[in-house]
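**Q** Below are the chains, spelled out letter by letter.
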Amino acid sequence: MKEYFNTETNRSLVQSFLDRTIDILDNGGFLTFTNKAQNELDYLTITEFIEKEDIKEAIYSLVIEDYYRGINESLEGDFEVCAFRVFINHTEIYLKYGLQREGIQILIFSTHKPFLRMNQPFLN
Amino acid sequence: MEKSILKRNGDKTEELSCFVTKKFNQIEFSYKIHYYLDNIVDENNGKISKTDLEKHFTEEQMERNTAALKNAYFAAQGSISPIEIIKFRKKHKIAASTLSYILGFSKNTISNIEKDGISSLATGRLIKNSIENKNLLRKYIKLCYKIDEKKKERLLQEIEKSS
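The listed protein sequences derive, respectively, from chains A and B. Taking this note's numbering, the leading residue of the first sequence gets 679, the next gets one more, and so forth. Taking this note's numbering, the leading residue of the second sequence gets -15, the next gets one more, and so forth.
Treat each hint with caution, since some may be false.
[As the list claims (entries may be wrong)] Covered stretches of chain B (in silico footprint by chain A; criterion: 3 or more residues with CB under 8 Å from a CB of chain A, positions within the stretch not fixed): (1) 30 to 37; (2) 46 to 52.
[Stated by the list, open to error] Restraint-style ranges between C-beta atoms, simulated for each label pair: (3) K77/B / K791/A: 46 to 56 Å; (4) N713/A / E137/B: 50 to 60 Å; (5) E743/A / N29/B: 32 to 42 Å; (6) E743/A / A79/B: 51 to 61 Å; (7) I67/B / H768/A: 42 to 52 Å; (8) E43/B / N767/A: 15 to 25 Å; (9) Y738/A / E(-1)/B: 19 to 29 Å; (10) I782/A / Y129/B: 46 to 56 Å; (11) Q141/B / N717/A: 45 to 55 Å; (12) Y738/A / S104/B: 19 to 29 Å; (13) H768/A / D26/B: 31 to 41 Å; (14) K791/A / K134/B: 32 to 42 Å.
By construction, these hints were calculated from the structure, which means they are not laboratory data. Every residue gets a Cβ at the ideal spot worked out from N, C-alpha and C, and that includes glycine.
Okay, chain A solo, but in the shape it has when bound:
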């Protein structure tokens, strides 16, 4: 996945992704989980008591500084995909989801503890 550097333009790009997420959720959009994301969330439910509503709340609370990787500007994909580093109940989570370009689906691809250290290019 592409990783954007900390520039004003890139920050605007991520902010626009986050704004669109909220717009979708506030206008009847819905979260859908892939099979992988569902299995990962099952693990978090058992081990960390993190459930779907916690993921939704985390998405509502995302800020530019949580950005990790992603967003495909080329318009080739049917979804814009972006990954974030978030903390839910003090647990670090790699959260990756996509916004349907021509629709209202927010597709959750990943909800797991990070396998690697996650840089956050917009944090500093």
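The hints should help you fit chain B onto chain A, whose structure is shown.
**A** What follows is chain B alone, placed relative to chain A:
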């Protein structure tokens, strides 16, 4: 009746279900999940596959599946399941609120558990131990000040019949 779900392209599809087996913390258990099929999306480039399908889960299905997951995980560790509570209540003709009071919970606890699932392993184990141990259950019925004597008598007779 089969449940209909809208896929991302607006087409209707049926809800499907299957049993899955999982293992967490050395504990293996099985439970039923609900899902629907839609075209796979490549998480790296966001492209929708034209041919390949995979399981997808709506928010509502996630809630049901998570409740089933927790129930099964707790049951595998000695907790009661919501179905067992319902069967017990039907067999002994005990209202959910009455059973709540007998076990020392607040009025709606048992009906909430039956609807939403077991809230914690400790709660599930306590309920199981209480209703499987007839002596303990008799004691709790006798001690319960929130139900009248006539009802207590009937409940004690019901428990006696099944002993």
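**Q** Indicate whether the distance between the beta carbons of E743/A and A79/B respects the range 51 to 61 Å.
**A** 52 Å Cβ-Cβ, so the 51 to 61 Å window holds.
**Q** Do three or more residues of the stretch 46 to 52 of chain B come closer than 8 Å to chain A, measuring C-beta to C-beta?
**A** holds (count 4)
**Q** With 50 to 60 Å as the target window, see if N713/A and E137/B comply at their CB atoms.
**A** 54 Å, holds
**Q** Does 19 to 29 Å hold as the CB distance between Y738/A and S104/B, or does it fail?
**A** 27 Å, holds
**Q** Should the hint that K77/B and K791/A are 46 to 56 Å apart at their CB atoms be regarded as holding?
**A** 48 Å, holds
**Q** Does the hinted range 42 to 52 Å hold for I67/B and H768/A at CB?
**A** Check failed, 34 Å falls outside 42 to 52 Å.
**Q** The hint says 46 to 56 Å between I782/A and Y129/B; measuring C-beta to C-beta, is that right?
**A** 53 Å, holds
**Q** Take a look at whether the Cβ-Cβ distance between E743/A and N29/B falls inside 32 to 42 Å.
**A** Cβ of E743/A to Cβ of N29/B: about 25 Å, so the range 32 to 42 Å is violated.
**Q** Given the hint of 31 to 41 Å, is the C-beta distance from H768/A to D26/B inside that range or not?
**A** For H768/A and D26/B the Cβ distance comes to about 32 Å; the hint holds.
**Q** The stretch 30 to 37 of chain B covered by chain A? Criterion: 3 or more residues, Cβ-Cβ distance below 8 Å.
**A** holds (count 3)
**Q** CB of E43/B to CB of N767/A, is that within 15 to 25 Å?
**A** For N767/A against E43/B, whose Cβ atoms are near 20 Å apart, the range 15 to 25 Å holds.
**Q** Using the Cβ atoms, figure out if Q141/B sits within 45 to 55 Å of N717/A.
**A** Check passed, 49 Å falls within 45 to 55 Å.
The structure is inconsistent with the numbered hints 5, 7, 14, although it conforms to all the rest.
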